[in-house]
Every structure is written in C-alpha cells, then in structure tokens.
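Participant: For the sequence shown, this note's numbering gives the first residue as 4, with consecutive numbering after it.
Hints are computed from structural coordinates only; laboratory data are not their basis. Misleading hints may appear alongside valid ones.
Claimed, not checked - With a straight-line Cα cutoff of 25 Å, these simulated BS3-like cross-link-like pairs (lysine-lysine) come out:
hint, residue 1, residue 2
1, K110, K37
2, K110, K29
3, K42, K102
4, K92, K42
5, K42, K29
6, K37, K134
7, K92, K29
8, K42, K110
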Amino acid sequence: MSYRDYEDPQTLAQALDSTNSDDLRKLVALTGQKAPNRKGDMAAVIVQHLAGDRLRTVWESLDELQRAAVAETVHSGSAQFEAARFRAKYGRDPNWGSKSQSGYDYKPSALCFFFYRNSAMPDDLMARLQKFVPEPRQAAIATLDQLPPVFPRPFSRWNEERTREEGTEDVPIAVHETEGAAHRSLGSALGHRTPPTQERRYRARRTEAG
C-alpha cells in the first residue's frame, strides 16, 4: 500500500464512490459514452473505460506533461500528487481541465481519470500503472554563463473577446551586482565589534585584577 498522510479511498471503486454525481458525469463524457442516470452506473462506465489494456491506452492519450504527472506519483511512494514539487521541477502545472470565466463550469481533462479526492491516486490503479509507466526524468538545474536580456514569462488570462488566452511575454531582466556592497557591509559590521578572543582576554584581566 502506498504512503498516505490522510484517510482517503484506496481503490478506484472507493474513489469513484466518494466522487459526486456531477463530476462523475463529466468524466463519463470523456469516455465518449452517454452518462447513465444512476451514480453507480456512471462509476461502472469509468471502471470499464480503465479496465485491462484500456488503462494504458488512456495513459498514452495524455500529453507529455500529464504523463509526467502520473509518472511522478506512480514512482514517488506517495499516493498524492505533489503540486508544488511538480511545479518546481517542470515549471508549470499539468492540464487538469478548463474552467469558465465564472469558475463554476469545470470540464476535467483525461488526467482526472488517475487522480481523485485530494489529488490522490487509488492504490489499485497505481499498482497497474507501475507495470508500464516509466520512471520520470531526474530533476536538473539549468545554468547560464550570461543572463539573457529578457525572461519569457508564461501567462493565462481572459482577453477582450472573453476567451482564455495563454502564451508567454518577455519581461526585461535587470541585474544588480551586490557582491561588493555585501563585502563592505560585512566589513563595517565586523569593525564595530570586539573580536571574541580579545573580549575573553579582557574579561580575564579584569577578573585577575579584581
């Protein structure tokens, strides 16, 4: 069983049972089938969609960043998707779906077949994914000999046509050399303090004189 910090459904069936009907209906829509009326029947459609080799087909339909989100969780030893760690490693979040401008009309992406409450992956689903999902790439820190004049900052916003717009915009980079100032500040701070060894000797002399 994978490590969990909280009590969550540990099987796909339990995860679907704890999901509300509206969210299940949206997941069923991703399968291409018409959603049944009963919650249990909707859950059965999703279970069937992920059964056997279909699970691999659904995983392969994900984009590169979504597959990385699955891989990071499958090989992490934890059932929960670590959003902050993923963002630090890959620079952005995977596509979980889309929301309307009001934020109420949410449409999930296929990545939501793999994660449920608290962004947790069911244990039985994880065990099956471990058989074919490769380990994620190692984290690496990119270095530059010289900073570029601008930084391409990602953005996501609503435009005048009230549609979602995503892309990058160049932000000028300003370089402030602070090494010299730091050395001067340190030297100034140390210059107004009595060295520890000298202070101990002064106290010793006062003790002997006393």
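Participant: Check the structure against each numbered hint from earlier and tell me which ones fail, lowest number first.
Facilitator: Result: hints 4, 6 and 7 break, sorted rising.
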